[in-house]
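**Student:** The primary structure of each chain is shown beneath.
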Amino acid sequence: MDIQPIAVALKFAFLAILFLYLFWIARSARKDLFVARSSSGHDRTIGASPGGNREAWLVVEEGGGLAPGTRFDLFGGATLGRSSDAEISFSDGYASGIHARVHPRGERFFVEDMSSTNGTLLNGAPVFGETELADGSRIRIGDTTFRFETGGRGS
Amino acid sequence: MIRAAARNRELVALLPVAVLVTIGFAAVFAQSEDRLSDLSLSYGLYFLAICLLAHIFIRVRLPDADPFLFPLMALLTAIGLIMIYRLDSELARDLARDQANWFVVGLAFFAAVITFLRDYSALERYKYTIALVGIALLLAPRLPLIGEQVNGAWLGVRIGPIGFQPAELAKIAIIVFLAGYLWETRELLIVKARRILGLTLPPLKYLGPLLLVWGVSMFMLVFIRDLGSSLMFFAAFLALLYVATGRLSFVVVGVAMFFLGAWFFYNTVGHVTDRVDIWLDPWSDPGGAGYQVLQSMFAQADGGLFGAGFAQSLFVIPGTNDALVPAAHTDLIYTMIVSETGLAGGIAVISIYLLFAARGFKTAILAEDGFSKLLATGLTAVFAFQAFVIIGGVTRVIPLTGVTLPLVSYGGSSIVANFILLALLLLVSDRARRRAREVAP
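Protein chains in written order, with this note's numbering: chain H, 1 to 155; chain E, 1 to 441.
You may find that some hints are simply not true.
[Stated by the list, open to error] Simulated DEER-style distance windows between Cβ atoms:
| no. | chain 1 | residue 1 | chain 2 | residue 2 | range |
| --- | --- | --- | --- | --- | --- |
| 1 | E | Gly208 | H | Arg147 | 33 to 43 Å |
| 2 | E | Tyr266 | H | Gly136 | 48 to 58 Å |
| 3 | H | Arg27 | E | Gly163 | 20 to 30 Å |
| 4 | H | Arg27 | E | Phe298 | 33 to 43 Å |
| 5 | H | Gly97 | E | Thr273 | 23 to 33 Å |
[Unchecked claim] Covered stretches of chain H (chain E as the covering partner; in silico rule of three or more C-beta atoms under 8 Å from a C-beta of chain E):
| no. | region |
| --- | --- |
| 6 | 22-30 |
| 7 | 120-130 |
FYI, nobody ran anything at the bench for these hints, they're computed from the structure. Heads up, the beta-carbon is just placed ideally off N, CA and C, and yes, glycines get one too.
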């Protein structure tokens, strides 16, 4: 079988275009990764009421089927639980439907257990009634931990 | 704006694929002009037209879906078509035309799934039914009347003139089931885990599914004699289990269980022993059982860095009409790609699978709910592992087993099943990316 020069040229053209194409896909796919990360919903706004309260967030530390670092805004307070009716809904075998709630009063934020089956821990201690949250407090529900953050992020 | 950009990128990404099809077909044609009709040059245009139709369909139905998944799949199909067309030129068969028809049928199934399954969370509700269908599909080749034995494995089902390989569809059914089941029980698997001998083990009560999948894959090893699918299922299952629970120890236990079972059957079941022995030492029977593996190695070595060129590798035994490389259009198609386009071509093909897997896992990361995450992970993992099992087989990294190289190998069931897989992945991707876009500032 004779080798046709045109066939050789076509083979190299094929490989060259194939590699350039894959390189281009890899590059634009990488760019897409960055765009999507900054907009992938890690800043979920829940119960937003621009009423002039302090800015505060609950940040997922671990568990609950949520990505660690996921932030939930707490303008008007929020309910936490396994139910999809909860404003911060997560999956945890030990969480009740509506397990706890966090709500503001003036400049201060409080956490309250909503008669859950397994209780809520604030910095390792069970929560009875309304308990005030400080910056960095850890709320633990079942195997899920949230960190309370407050103050001037980005301002 | 963003959704238009994604779809436009998909459109742009399809054009080079059509160019590659044209170049490939032209190269094959230039080399074997005497044996082929000059229809070949218009194939690129046909291919582009079909892809454009699919693109317009995605644009209308899933405007936010990942822009790279479909072009990468089209590229794999294109490379497969070129290689099969090249084999046709010497085998005097019409496999490429059949394959092109299957591509169209695959896209029809793709469109049907997207049209009729707008809300894929229905899959989660019917997961047990889907699991039963999957197991029934796996068993079908062993049934009398419709079952069919191919190369010692019970892979095919034949009803009248239509034959298909149900394992290809079963893989999707089983992934859907596992995604649904693991999502439901993942917390229990983690929370109730016990530490025994330094290993964290899932609770016995919830070990059921793990044992079931292990049992199914061992069953396939022995009764269906489908070693490749067995390996692929189990690997995808462990990937899902790891993603669902985040416990490496579960994976360690699973791998240990698989090797125990594989070792047991290696010592007791004849055809498993044969496969492994041939892998370890193909020269023990170079003219018989080791022939396929050896020809595969020779053909790849012959390809060198840039390959012999399209339609230029030694494929037919000189003076005869018999193929030198057995099953070149199915199991050993990767061998032919490397033989004709060299190491460069082989790297390119593996890169396509890697890029596809990267996009699939990206979809899983973006997806919001756990079932979608697990579904995208599982579908991507099973697709990637299938490519690994067959490429690993022909390069003698693992024992050679007969699974198709997804979308590249000749075979209708494989094409149809993989386009259904793509449809599900794009459904997950569309929902995830739409949410991401709406939340974006």
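**Student:** So, for every hint listed, does it hold in this structure?
**Tutor:** Here's how the hints hold up against the structure:
{"no.": "1", "hint": "Gly208/E with Arg147/H: 33 to 43 Å", "in the structure": "holds (36 Å)"}
{"no.": "2", "hint": "Tyr266/E with Gly136/H: 48 to 58 Å", "in the structure": "holds (56 Å)"}
{"no.": "3", "hint": "Arg27/H with Gly163/E: 20 to 30 Å", "in the structure": "violated (42 Å)"}
{"no.": "4", "hint": "Arg27/H with Phe298/E: 33 to 43 Å", "in the structure": "holds (37 Å)"}
{"no.": "5", "hint": "Gly97/H with Thr273/E: 23 to 33 Å", "in the structure": "violated (55 Å)"}
{"no.": "6", "hint": "22-30", "in the structure": "holds (count 5)"}
{"no.": "7", "hint": "120-130", "in the structure": "violated (count 0)"}
Hint violations for this structure: numbers 3, 5, 7, all remaining hints satisfied.
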